[in-house]
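According to numbering that gives the first Met the number 0, the sequence shown is numbered sequentially starting from 0.
FYI, nobody ran anything at the bench for these hints, they're computed from the structure.
Because the structure is a prediction, the values reported are computed rather than measured.
Worth double-checking, as some hints may not be accurate.
Okay, derived cross-link-like pairs now, DSSO-like style, lysine-lysine, Cα gap no bigger than 27 Å in a straight line [to be verified]: (1) Lys636 <-> Lys341; (2) Lys369 <-> Lys341; (3) Lys275 <-> Lys198; (4) Lys636 <-> Lys369; (5) Lys212 <-> Lys275.
Using C-beta positions, here's what the derived DEER-type ranges look like [claimed, not checked]: (6) Gly480 <-> Leu250: 45 to 51 Å; (7) Gly611 <-> Gly569: 52 to 58 Å; (8) His635 <-> Gly183: 20 to 26 Å.
We put the CB at the ideal spot given by N, CA and C, even for glycine.
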Amino acid sequence: MLRSMDYRGLLISTASALALCIAAPAALAQAGPTAETGRDVVTITGQTIEETLPQELQKYGSDLEVVDSTEIRNQLFVDAQQALQMKVPGLFVASRGGPFSYMDISLQGSRNSDMLLLVDGVRINNRLYSGTMSDTLPASMIERIEVLKGGQGLFYGTQAAAGVINFVTRGYTDDFNGMVTVGGDTNDSIGVDGYVRGKAGPGNYVLYASQNKTDGYDLYDARQPSSTDLDRSSDIWSAGGKYRIELTENLAIDARYQHTDARLDNTNPTLVAYSKNERDEDIASLGVDFRANDWAQFLVKGYWHDWDSTYTTIRNTVTPGTGVITGQTFSDLNTYWGFEDKGINALAKLTPGGPFEYVVGYDFQQYSGKDDVLLIAEQEEEVNAFFGQVRSDELIQNASFAIGVRHNEASSSSKTIWNASARYDFMPGLYAQTNFGTSFLLPTAEQLYAIDPFSTLGNPNLEAEEADNFNIGFGGEFNAGPSFGWQATYFSRDIDNRIQFADCDDSDPSTDCAILYPDLDPSYYNEGFYVNLPGTVEVRGFELSGTADFGNGFTAIASYTDSTSEDAAGVQLARVPRTYGKVGASYEADQWGVDGNLLWVGEVNSTNLPGGFGVQNYGDYMVVDIAAHMFLDADHKHKITARVENLFDEEYRTALGVGTVDGTAAPTLQRFLVGTLGVPQTLHVSYSYGF
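Work the whole structure out from these sequences, hints included.
So, in C-alpha cells, the structure goes:
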C-alpha cells in the first residue's frame, strides 16, 4: 500500500536519484544534446479551418498556450488535468480526488463555469451540465492541449467567457508509427495505453486505447467511523479512432469516434459504505472539408456527444446519539443522469484579395438531458447561432486585427455579442496584443429545472449571464546566446446577471417559493432557488510569464497570476485563488532527460460553511514534481520514465466542506470541518516501446 515501508524507501531512493539528475544540466551544459536521430518527428497532415483556428486567433491578438505530447509523456502525467495543473501559465487546476476526478479550474480569475472544454472541437462540459467534465480523459491520447485565454464566445459560444481548452487527440501522419506503454504507481495503480497511425488505403488513420485502474488514496483529512469506504478507486477504459480521406485535392472527409467506460468511486467522510458512478460516454464527429478555389475554404461538421451515468450508493445506518452502525440501506440504486448533445458546425474562410479576409459560420446545437438525482425531467433545447469575423494583417504595417459579432438564439434566451482583437509588433522581439468584447453564459439544466430536497430549486425564468472582458499584454523575445521570452498581461472581466442561489423568503413575492412553486411539496424548499443576482462580479488582475532556452537542451518557464474576483459586496469568489505561480525546468539530452515542476497556490476561500465555520482559507500550499526518462537503445524505441508526484509529501486541500458528526441530529446537530486532500507523495514508473 501507499504508506508501506517498501514503497516509502523506494520513493526516497528514487527522489534522491532524480534530485541528482536535475543538477546534471549545469554539469553538461557545454556538451549539449546530440542530433534528433530516431525521435518521433512527423508531419501532421489534413488540418481544417477548425483545427487551425486557435493559431489564427493567436495571430490576431489572442493569447494561446500549447502543451504537446512530448511534455506530457516525459513528465508521465496520467490524465489531462495533471498536465493542465502543472504546465499551463495562468491556469489554476485543483483535482477533487486525484487522477480522473472532477476539478476546480480558474483561468485568470475565472469560475469553473466561465471555461469551455473541448475534445477535437466538440464541447464536453455540456450546455445542460456545465461542470468541468475532463475527468475521464487519459493523457496518453493527447497530441496537444490548446488553451485560448480571454473571452472566446465569438467562435465557441456559451461558457467561453474566460477562455477555451481544446484537447487534441493524436494527429494524422503519412508515416507509420505508434507506441505502447505500461506503467503503475504507489497508489496501487496500473495503466496500459497505445496508439498506432499511418496510411491505410486512400486515407490516413489513427487508433488509440488505454486502460487505467487504481485503488486510489484516502481523500479526506477528517471522517466519521460511519464512513467505511476509504480510498477512491477508479477504472477507466477509453478507445478511439479516426480516418481522413482526401477524395480530391480539394475535398476531404474526416470521421472520428471515441468511447469511454468508467467506474469511479464517490467516497464521503460520513455514512458511505459503497458508492459508484458508472459512466458510458461516446464522442463522434463527421466533417467535410472543401476548398472551392484559392480564396474560399469550407468546413461542415456534424457531432454527437452522448453521456450516460448511473449512481449506486449504500449508506451505513447509525444509532442516534451513539453513532453505532446498525445496518445498511440503498440511497441510490442505478440512479440515472445523462445527456445527448448533437449539432452541426459550418465554417467558411474567404480571402478574396485585398487587405481583408473573412470568416463566417453557423452553429446548430440540440441538447437533451435527464437527471434522476436532481429530479430533472427530460428536457430538450435547440440553439441556433450565426457569427462572422473580418480580419487583416496587411492594412497596417506590422499590425494585425480582427472584429466579429455572434447572435445566439436559444429557447430560453437570445444574446448578441461581439469581439475585437489586435496585435502590433513594434520591432522584432517586442509586441503588444489585446482581446476585448462580450461573452455570455446560458443557464444550465440544474439552474433551470432542478427539484432537489437537499439543494436548490431550479428557476425556468433565469436570464443568461453577461460578461464584458478585456485583456491587454506586452511581450518580447531576445537572443543573447540563450533565448529569453516574456509577457505581461492585464485582464478584467465584469459579469452581470450572475446566477446564484437565494433563500426562499415569503416576505417578498419574488422570493416566495410557495408562490413560485405552488405545486411543489414545501419540504423541498430546503435551501432556496436560483436567481439572477443584482450587481456586478468584477475580475481584475495580471499575469506574468517568462521562458528561457539556453540552446544546450536546458529550458525553463515561470509564471505568476494575481487576481481579485469579487462579487457586488466586494467578497472574493469561493474556490477562485487570489494568487498562484508555476515554475518548470527541463533538460533534454540525446538518451535521457529530466523535468521538474513547482506549483504554488496562495489564498483560496471556501463558501460560507454552516455550523459556525464561515469562510475558510484552504490554500497556501506548494507542490513539487520531478521526472526523468531514459532511452535504452540508440534508436529511441525503448524508454523508461519515472516521476515523483508531490516530492515533499505536502498535505494540501483541494476543497473544503463540513460533515455531520455520527449520531447527532437537530436540535443538537454537530458538524466538523473536512478537507479534500491532494495526491500524496506518489512514485509513477512506466515503460514505453515506440515503433
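Verification of the hints:
1. Lys636 <-> Lys341: 41 Å, violated
2. Lys369 <-> Lys341: 15 Å, holds
3. Lys275 <-> Lys198: Violated: Lys275 and Lys198 sit about 41 Å apart, past 27 Å.
4. Lys636 <-> Lys369: Since the Cα atoms of Lys636 and Lys369 sit roughly 48 Å apart, the hinted pair is violated (cutoff 27 Å).
5. Lys212 <-> Lys275: 14 Å, holds
6. Gly480 <-> Leu250: 45 to 51 Å: 49 Å, holds
7. Gly611 <-> Gly569: 52 to 58 Å: 23 Å, violated
8. His635 <-> Gly183: 20 to 26 Å: 23 Å, holds
Figure legend: structure checked against the earlier numbered hints; hints not met, in rising order: 1, 3, 4 and 7.
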